[in-house]
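Following the hints, complete the assembly by docking chain F onto the known chain Z.
Which chain is which? The protein sequence lines are Z and F, in order. Position one of the first sequence corresponds to residue 0 (numbering that gives the first Met the number 0), numbered consecutively onward. Position one of the second sequence corresponds to residue 0 (numbering that gives the first Met the number 0), numbered consecutively onward.
In case anyone wonders, no lab produced these hints; they're calculated from the structure. There's no promise every hint is true.
Have a look at the derived ranges for each label pair, beta carbon to beta carbon [stated by the list, open to error]:
1. 199/Z to 165/F: 24 to 30 Å
2. 112/Z to 199/F: 17 to 23 Å
3. 75/Z to 144/F: 50 to 56 Å
4. 40/F to 43/Z: 38 to 44 Å
5. 144/Z to 100/F: 38 to 44 Å
6. 32/Z to 149/F: 20 to 26 Å
7. 188/F to 151/Z: 32 to 38 Å
8. 151/Z to 102/F: 49 to 55 Å
9. 199/F to 209/Z: 27 to 33 Å
Anything over 10 Å on all C-beta distances counts as not near chain Z; from chain F, calculated [to be verified]:
10. 29
11. 45
12. 93
13. 100
14. 105
15. 180
16. 184
17. 204
18. 208
19. 230
20. 249
21. 262
22. 270
23. 271
24. 272
This structure is a prediction, so every number in the text was calculated from the model and none was measured. Glycine included, C-beta positions come from ideal geometry on N, C-alpha and C.
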Amino acid sequence: MSIADLLLILRGLSATIALTLGAFLIGALLGAPLLVIRESRLIPLRLLAMTIIQIARGLPPILWLFIIFFGIGTGHFRISPFGAALASLGLISAANMAEIYRGALGSIHSGQWDASSALNLGRWYTFLDVAAPQTFRVALPSAASYLIGLMKESAVASTIGVTELTFYGNQQSQLTFRGLEVFAMVGFIYVLLSLPIAWLSRVADGYLQAKVAD
Amino acid sequence: MRHRGDEMSEATGNVVQLMESPSAASTQKRPLICLDKLSKHYGTHTVLNSIDLDVMPGEVVAVIGPSGSGKSTLLRCTNYLEPPDGGLVTIGDITLNAEKLAAPAEVAKLRRSVGMVFQSFNLFPHMTVRRNVSLAQERVLGRSRSEADERSMQLLKRVGLTDKAEQYPGRCSGGQQQRVAIARALALDPEVMLFDEPTSALDPELGLEVLSVMRELAETGMTMIVVTHEMSFAENVSDTVMVMADGKIVEKGPSGQVLRNPQQERAKRFLRAVHDR
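If we strip away everything but chain Z, and leave its shape as in the complex, we get (with noise of 0.2 Å):
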């Protein structure tokens, strides 16, 4: 394996990185209103939120993208591969963060919910004020954990002709027959990426761990 097959293989970096960032971003920023909508005191809504994220989470991420790239993705509605791939896993990862969020949420201790109630400061500011930047900081190690499951998870857009790093990989092994190596070479990329995502996720626990220091 040289150094030119690298390369090749290397030219879908930016396919994995851009997939798992967006996917991610639509999921943190999109789990919140979900989770909102999950704890609502409306009944209807909550089952809504409910059957949203079950459903969202139930199905295999492989079957998402082929629903969404070749289901809605082949009638008046044209999308790219890579729209398709960043839709569904985008969505997949709405649900999840939202049940990242209500995990955290659920660890605050119940004092805070008794002092705040006790100064009136209200839902909105509550959520605002106490539970939101709490529920972030306990939800910050499961959401970083799940950051590395959907960088891996994002091999299946190879499938639908995202041009990533499996599917460089792919090619590749099939011009070489060298399977072995090429995706000994791909997985050893993927476990160089998590890296950095897993020490940045120790650094800012630290850091907001010893700024608070409860």
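Only chain F this time, still in chain Z's reference frame:
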């Protein structure tokens, strides 16, 4: 209580106004807090069994009694942290009927005049001490950041914690955290302060610094209901002592009398256990 009560009625326009209103003309002085047949159940378990309690302006009431007697629930129902399921709660000129579902705005009005301090402090861990005290002033009273901070610094000075203003609560001792919690509650200018076992999570020395802040607060004429196991506080600071057991008030009266010479068997038993320790 008597002389403090007089100061109080001058200090709070609200109370004076109430006393001048025609409906109250016959009574010389109206209670600031009035609980009328207050009840609370968890399933079939009765936590509060038709509690009647009047607290006069400036009065300090110590609530003592065994665990599970409903002391904390009584406080939490008074400011609707837990909605009671029977009876009336009146604070100042706001009355809520537990039989009816209270609108959030009504509950907010009731809580406006009530500050609360918890056993576990419940400071916001992600904010500095000063921010903890300023937050609700800005969000609830609409004070500007600088107004709120100025008031916060005054209050922190009063509880002796000016130097901790920029620290996070996690860096403060339990006693310091509880004093911050008192400052935070006072920042909204309450007429009544509720204390739910404020020193139970503290060692005796740290408890003492919290108790001395509470004693000073009582001396300024603040109306207080204090759930406590601190018998010296009950005896020396409070005007009234109330013994609760099984969701009922078993004895209530001037603190010296109840603590030294209880009349009811259940109160005697509890106080004997306290003294024997």
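Worksheet item: Which of the numbered hints are not met once you compare them with the structure shown?
Response: Going through the list in order, the structure violates hints 4, 6, 7, 15, 16 and respects the others.
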